[in-house]
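Trainee: The listed protein sequences correspond, in order, to chains F and S.
Per my numbering, the very first residue in the first sequence carries number 1; after that it's consecutive.
Per my numbering, the very first residue in the second sequence carries number 1; after that it's consecutive.
Relax, there's no trap hidden among the hints.
Below, computed lysine-lysine pairings styled on DSS-like, alpha-carbon distance capped at 30 Å:
1. S:Lys21 - S:Lys101
2. F:Lys370 - F:Lys454
3. S:Lys101 - S:Lys2
4. F:Lys336 - F:Lys454
5. S:Lys201 - F:Lys336
6. S:Lys201 - F:Lys370
7. S:Lys101 - F:Lys370
8. F:Lys336 - F:Lys370
These aren't lab readings, by the way, just hints derived from the structure by calculation.
Predicted, not measured: the structure shown is a model, and the values here were computed from it.
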Amino acid sequence: MPRPSYARLFRTTTFRLTLVYLALFLASVLTILGLIYWFTAGYAARQTNATIAAEIAGLHEQYQRRGLVGLADVVADRAREPRTAGIYLLASPRFQPIAGNLQEWPKVEPDANGWMNFGISGTHAEDGQEHPARAIAFTLPGGYRLLVGRDMREHQIYQERVIASLGWSLLLTVVLGVLGGVLISRHMMHRLEAVNALTRKIMSGDLHERVGIRGAGDEFDELARNLNAMLDQIEHLMASMRHVTENVAHDLRTPLTRLRSRLELALLDSEADADDYRTVLQATIAEADRLLTVFGALMSIAETEAGTVHAPFAPVRLGSLARSMVELYEVVAEEKGMRLETAIDGDPAVSGNDQLLSQALANLLDNAIKYAPEGSRITVAVAPAVGGTGPRLTVTDAGPGIPEADRDRVLQRFVRLESSRSTPGNGLGLSLVAAVARLHRARLTLEDARPGLKVSLVFPAETGGKSDRREAAGISVPA
Amino acid sequence: MKLLVIEDDREAAAYMVKGLKESGHVVDHAADGTQGLFMAGSENYDVLIVDRMLPGRDGLSLIEVLRATGITTPILILSALGSVDDRVRGLRSGGDDYLTKPYAFSELLARVEALGRRAAANAPATRLEVGDLVMDLLTRTVRRAGKPIDLLPREFQLLEYLMRHAGSVVTRTMLLEGVWDYHFDPQTNVIDVHIARLRQKVDRDFDPPMIHTIRGAGYCLRA
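Produce the entire structure from the sequences given, and follow the hints as far as they go.
Mentor: Structure below.
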C-alpha cells in the first residue's frame with residue numbers, strides 16, 4: 001500500500017473536516033479559558049478592590065471618631081505592620097507626607113473613579129524592584145489627602161501565571177488538535193486506500209481479493225462487508241458464466257459436429273440417391289431444432305437471471321395457473337399411464353410474470369413425467385399463504401428422486417445426473433426453474449417424497465415482499 | 001400472396017425470399033428501413049415481414065409510421081430479441097405477430113400464411129365449415145357427416161383454431177400461443193398428444209382423415 005503523501009493528506013475530506021472541527025474546538029476552548037481567567041485573575045483583582053474598599057471604610061470610621069489626628073495614628077500603625085501589602089499615605093494639602101508607608105505622593109493622575117495605578121520601590125518593596133500598585137485617593141475636609149492602596153506584586157505574579165498556563169493550554173490544544181486531525185485522517189485514508197487498492201486489483205482482473213474486516217462493526221467494516229458480498233456475487237456470476245460458456249461450447253459443439261459430419265458423409269456417399277439425401281436432411285433439421293431448443297432455453301435462463309424481463313410484475317393467480325398447466329399436461333401423463341392430480345387450495349395471487357411461472361411449472365411437469373414410473377401419481381399442489389410464508393406451489397412425483405448430495409448441483413445449467421443420461425433432455429429445465437424462482441424471490445426446495453421428488457416454490461409473504469426487491473431470494477436445499 | 005421482406009442481412013433475406021417463392025408466393029425485398037417504408041407504402045402487399053433491427057430506419061418505428069398512415073397490412077416482426085418484454089413492445093408498436101430468431105422456415109411460412117388469412121380467420125363467424133366437419137360457435141357443438149362429436153372445452157378451442165386456419169400449416173408454437181396463450185416451448189411435445197386426442201374424436205370413425213401431420217412443421221386441417 002503506497003504511503004499517502006502529505007500534500008494529498010491536506011486534500012482529503014477527513015483532514016478538512018478535522019480542520020473545521022479544530023476551529024470549532026479552539027473557539028470553545030477559548031471561551032472556557034476566558035471564563036477561567038475571569039474566575040481566577042479577574043476574581044483576584046476584584047478581591048483587591050474589595051479589600052481596599054474595606055480599609056477605606058475602617059479608616060473613615062476612625063476619622064469620624066477621632067478626627068485627623070486619630071486617622072494619622074491609625075495610618076501610621078497600619079503602615080508599620082511588617083510585610084503588609086497595604087499602602088497608606090496621609091498627606092498635607094500640598095502633598096507633604098504626614099503618615100504612611102509611601103515616601104511621596106505618587107505623580108499620577110487618578111482615573112475617573114479616583115483609582116491610581118503607579119509603581120512603588122525603595123523601602124516598601126523589599127526585593128528592591130519596582131512593584132505595581134493600585135490605590136484610591138480622597139481629599140479630606142481641610143484639604144488633607146488620604147491615599148489607600150495595595151501592592152499589586154502578588155496579584156501581578158498570579159495573573160502572569162494564569163495567563164501563562166492558559167497560553168500553554170491553548171498551544172497544547174492546537175498541537176493536539178492538529179496531531180489528532182492528521183492521525184485520524186491518515187487512519188481513514190489508510191482504510192480507504194485499502195479499499196482503493198482492492199478495487200484496482202479487481203480492475204486488473206484479480207477477483208479473489210477481499211477487503212479485510214476489523215470486526216469493529218463500524219461503517220468501514222460495513223463497507224468492506226458490502227464490497228465483499230458484491231465481489232462474491234460477481235465472482236459467482238463470473239464462475240457461472242464460465243461454466244455456461246464451457247457447457248455451451250460442449251453442448252452446442254457436439255451436436256454441431258455431429259450435424260456437420262452427417263452432411264459430409266452424405267456428400268461422400270457416391271451411391272446416395274434423392275431419398276437418402278432427404279433422410280439426411282430431415283435428420284439434420286431435427287438436430288438443428290434440438291440445437292435451437294437448447295439455445296432458446298439458455299436465452300430464457302439468461303434473460304430471467306439478468307432480470308431483463310422488464311414486463312412489469314402483475315398479480316398471478318397460482319391456482320388458475322396450475323389448473324391451466326395441468327390441463328395441458330394431463331393428457332401427456334395419461335399417455336404414459338400416469339395420473340396427474342391436483343390439490344389446489346384456493347387461488348392465491350403472487351406478484352410475478354405468468355409466462356415465466358407457467359414455464360417453470362411446465363418444466364417441473366416435464367421432468368416428473370419423464371422420470372416417474374408408469375402407473376404412478378404426480379401431484380400439483382397450491383397452498384395459500386400461511387403465517388410468515390407466502391403461497392406455495394408444489395410438484396410431487398414418485399420417480400427416482402434426486403440424491404441429497406446432488407440437489408444443489410441439478411439446479412446448475414447442463415447438469416444431468418448419470419442416471420438420467422439415457423433420457424432425452426438438455427439439463428436446463430431445473431436451471432430455468434431456479435432462475436424463475438430467484439426472479440420472483442421465491443424459495444426453491446427439493447425434498448425427498450419417499451419415494452420420489454417434491455419440488456416446492458415458496459413465494460415471499462405479501463408484507464415486505466413489495467418493499468424490498470433488491471434482496472434476491474436464496475435457494476435452499478434442506479437436508 | 002404478395003409479400004414484402006424488409007431485412008438487411010442479404011443471405012437471410014435471399015434464403016427467405018427463395019423459400020417463400022418456392023411456397024408459391026410473390027416476394028419483394030427491401031434491404032433497409034427507408035426503402036422498406038417506401039415500398040410498403042406504394043404497393044399493395046398481403047403480409048409484411050419486418051426485421052426489428054434495420055439500418056436507415058428501425059423496424060419498430062417503421063411499423064409505427066405505417067400504422068400512423070393508415071396502412072393495416074398484417075406485419076410479422078422478426079427479431080433476435082426474444083424476451084417477453086421485447087415481444088410485448090413489438091406487438092404494441094403495431095406488429096401482428098412476432099417471431100424470434102433463429103426460427104425454422106416452416107414456422108415462418110406457417111405464420112406468414114396465417115397472417116395472410118387472418119382477415120378470414122378472425123371474421124366474427126357463428127359457424128365454421130370444412131368439408132363435412134361443421135362447428136357451431138353459438139351452441140358450441142361439432143358435427144362431422146351429421147354425427148355429433150363430443151369435445152372438451154380445450155379440444156373445441158383447438159379444433160376451432162385448426163378450422164379457422166384450414167388448408168394452411170399451423171405449427172405447434174402457433175397452437176400453444178393461439179389456444180393456450182403460452183409463449184414458450186415446453187420440452188415435451190404436449191401439443192402432439194392433444195392433437196392425437198382430437199384426432200381420435202374427429203378422424204377415427206370417419207373417412208378421409210382431416211388432421212394431417214406436416215413433418216418438420218406442424219399440422220394442417222383440410223377436407
